[in-house]
Amino acid sequence: MSKIIRLICISFICVVMPALANEQHQAVNQYIDKLVNDAQIVLNNTKLTDEERGNKSKTLIAANLDLNWMAKYTLGRYKKQLTEAEQQEFIRSYSQYVIKTYADLIKNYKGEKATIKQVETLDANEFIVKTEVIKTNGQPSIKVDYLVKNIANKAPAKFLIADVITEGISMINSQKSEFDSILTNNDIAALIAILKKKL
3 MSKIIRLICI SFICVVMPAL ANEQHQAVNQ YIDKLVNDAQ IVLNNTKLTD EERGNKSKTL
63 IAANLDLNWM AKYTLGRYKK QLTEAEQQEF IRSYSQYVIK TYADLIKNYK GEKATIKQVE
123 TLDANEFIVK TEVIKTNGQP SIKVDYLVKN IANKAPAKFL IADVITEGIS MINSQKSEFD
183 SILTNNDIAA LIAILKKKL
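So for the sequence shown, my numbering puts the first residue at 3; every next one is plus one.
Hints in this document: simulated from the structure, not taken from any laboratory.
Remember, predicted model here, so these are calculated numbers, not experimental data.
Only true hints are included.
Think about it this way: if two alpha-carbon atoms lie no more than 30 Å apart in a straight line, the pair counts; the simulated DSSO-like pairs of lysine-lysine are: (1) Lys82 <-> Lys198; (2) Lys160 <-> Lys178; (3) Lys58 <-> Lys160; (4) Lys36 <-> Lys74; (5) Lys58 <-> Lys151; (6) Lys36 <-> Lys132; (7) Lys119 <-> Lys132; (8) Lys60 <-> Lys160; (9) Lys199 <-> Lys58.
Simulated restraints on C-beta separations: (10) Ala65 <-> Asp125: 17 to 27 Å; (11) Ser179 <-> Lys49: 36 to 46 Å; (12) Lys81 <-> Thr117: 33 to 43 Å; (13) Thr186 <-> Gln42: 41 to 51 Å; (14) Tyr75 <-> Gln120: 21 to 31 Å; (15) Thr186 <-> Gln141: 33 to 43 Å; (16) Gln28 <-> Ser183: 39 to 49 Å; (17) Glu169 <-> Lys49: 30 to 40 Å; (18) Leu50 <-> Asp182: 34 to 44 Å; (19) Glu169 <-> Thr138: 14 to 24 Å.
Virtual Cβ for every residue (Gly too), placed ideally from N, Cα, C.
Let's have the full structure, built from the sequences with the hints guiding it.
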């Protein structure tokens, strides 16, 4: 997961689509533009201490990831076996774990830039944003795709990022597989304990 934290450093290019798709893509464009601007302010502000930058990064990450959906998705078939209280406790622990992981990795930011290569519409409320991250040290670029969801299902849209796919590897599918292995022989309390330990 160390390669995929650049989710907040991307820009948008337009593609020729039907009118409705163009409107949706324009809305995604505005969302991404704001995300990029907010991120750049945090990452490039030399007046911030490491602690301040970390706290602001956590706030930005929490506001732009669909953590509730992601947490439930990673539980897979085990979600139906949990009480509402157990689900909520897992969502809290999972969210804290993901936010901290991304915030810690942001510390390694070295000015990498990402260019959007293509935007694909999956359905009326889901989009894949395909980007290429250009490394600053001469290393090969990295293909990073983002699953962007309109969680409002209506106008005005509210976009959140639901998955990050690096070189074809999905973050949430990898987590789902890992959690499934743990839950095969353990209960949800054991998984929550593992996530809390990583905090």
